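*Asks:* Sequence:
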Amino acid sequence: MPPLRLAILEADTPVPAANARYKGYFGVFKHLFERAVSPTTLDSIVTLTGHDVVHNPSSAYPSLDSIDAILITGSKHDAFADDEWILTLVEYVRKALVHPRVRVVGVCFGHQIVSRALGALVARSDKGWEVSVTETRLTEKGKELFGGRETLKIQQMHRDQVFNVPAGAELLASTDKCMNHGFVIPKRVITVQGHPEFTEDIMREILELRHETGLLTDEVFQSGMERNGDDHDGVLMAQVFLKFLQEQ
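Okay, so the sequence shown: first residue is 1 according to the UniProt record's numbering, each after it adds one.
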């Protein structure tokens, strides 16, 4: 079987040091998937391509007939906004969702975009930010997908969230601050609110920059720095993504 063709829809540019190191979110996700399997194994499973949907929305999107799956990345932008590029992305995802073959993976902003495309409510939360490594409680479906675990620890960086579960989807996880931490529609869609791709260095840079600009309070910043690290389940989550993409 030839490798699956996975198009990574880059909905933002990483913070400066991370961008210099990884060369965009394409590189960040490539690094994640290479840790989930190995570079050689990854090449036999998927062919990755990157697509800047923010700055080149008219030409960025691959034909759905030429790919097998899309992954929508995180972003500093609001998934509920009506910027032209966001509306274009939502419409493209809607088309992918009804394509007979293409599968859809959504991460953070991508999770929210997929939810919006499916008719769910996406908005700013009145419970504030979830940042850094956070424990999420898995549902029965989540336990099934993640090897029977009760919880997952995953990097977070969001204050927007999805307030319901789209029709036909099964919830995967929750926290006290955020009910919908991801969902699955078998053989069609899998999403997560967290950031499996974030490493300790990426999270530290984001925390510092957002604290400097006043987006994060001293309390949120200090808590996030204390919990930051690479002791989380991002690699496991990537392995589940790859298994989902290959499932017959």
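It should be emphasised that the hints constitute simulated quantities derived from the structure, not laboratory data.
Computed from a prediction, not measured in an experiment: that's the story for all the values here.
There could be a bad hint or two in this list.
What the hints assert, rightly or not - Label-pair distances were calculated between CB atoms; the ranges are: (1) Lys187 to Asp43: 18 to 28 Å; (2) Asp231 to Ser58: 35 to 45 Å; (3) Lys95 to Lys127: 16 to 26 Å; (4) His55 to Thr213: 41 to 51 Å; (5) Arg137 to Glu219: 35 to 45 Å; (6) Pro39 to Asp201: 17 to 27 Å; (7) Leu121 to Asp230: 15 to 25 Å.
As the list claims (entries may be wrong) - When the alpha-carbon atoms are kept at most 27 Å apart in a straight line, the in silico DSS-like pairs for lysine-lysine are as follows: (8) Lys243 to Lys23; (9) Lys127 to Lys95; (10) Lys141 to Lys127; (11) Lys177 to Lys141; (12) Lys143 to Lys187; (13) Lys177 to Lys143; (14) Lys127 to Lys23; (15) Lys187 to Lys95; (16) Lys30 to Lys143; (17) Lys127 to Lys187; (18) Lys243 to Lys127; (19) Lys153 to Lys141; (20) Lys127 to Lys30; (21) Lys187 to Lys243; (22) Lys76 to Lys127; (23) Lys153 to Lys30.
Yeah, the Cβ is synthetic: ideal placement off N, Cα and C, and Gly gets one too.
*Asks:* It remains to establish, for every hint, whether it holds in the given structure.
*Replies:* Results of checking the hints against the structure:
{"no.": "1", "hint": "Lys187 to Asp43: 18 to 28 Å", "verdict": "24 Å, holds"}
{"no.": "2", "hint": "Asp231 to Ser58: 35 to 45 Å", "verdict": "42 Å, holds"}
{"no.": "3", "hint": "Lys95 to Lys127: 16 to 26 Å", "verdict": "33 Å, violated"}
{"no.": "4", "hint": "His55 to Thr213: 41 to 51 Å", "verdict": "22 Å, violated"}
{"no.": "5", "hint": "Arg137 to Glu219: 35 to 45 Å", "verdict": "23 Å, violated"}
{"no.": "6", "hint": "Pro39 to Asp201: 17 to 27 Å", "verdict": "20 Å, holds"}
{"no.": "7", "hint": "Leu121 to Asp230: 15 to 25 Å", "verdict": "33 Å, violated"}
{"no.": "8", "hint": "Lys243 to Lys23", "verdict": "26 Å, holds"}
{"no.": "9", "hint": "Lys127 to Lys95", "verdict": "33 Å, violated"}
{"no.": "10", "hint": "Lys141 to Lys127", "verdict": "26 Å, holds"}
{"no.": "11", "hint": "Lys177 to Lys141", "verdict": "20 Å, holds"}
{"no.": "12", "hint": "Lys143 to Lys187", "verdict": "17 Å, holds"}
{"no.": "13", "hint": "Lys177 to Lys143", "verdict": "20 Å, holds"}
{"no.": "14", "hint": "Lys127 to Lys23", "verdict": "33 Å, violated"}
{"no.": "15", "hint": "Lys187 to Lys95", "verdict": "16 Å, holds"}
{"no.": "16", "hint": "Lys30 to Lys143", "verdict": "26 Å, holds"}
{"no.": "17", "hint": "Lys127 to Lys187", "verdict": "33 Å, violated"}
{"no.": "18", "hint": "Lys243 to Lys127", "verdict": "33 Å, violated"}
{"no.": "19", "hint": "Lys153 to Lys141", "verdict": "17 Å, holds"}
{"no.": "20", "hint": "Lys127 to Lys30", "verdict": "32 Å, violated"}
{"no.": "21", "hint": "Lys187 to Lys243", "verdict": "10 Å, holds"}
{"no.": "22", "hint": "Lys76 to Lys127", "verdict": "18 Å, holds"}
{"no.": "23", "hint": "Lys153 to Lys30", "verdict": "21 Å, holds"}
Comparing the model with each earlier hint shows violations of hints 3, 4, 5, 7, 9, 14, 17, 18, 20; every other hint is respected.
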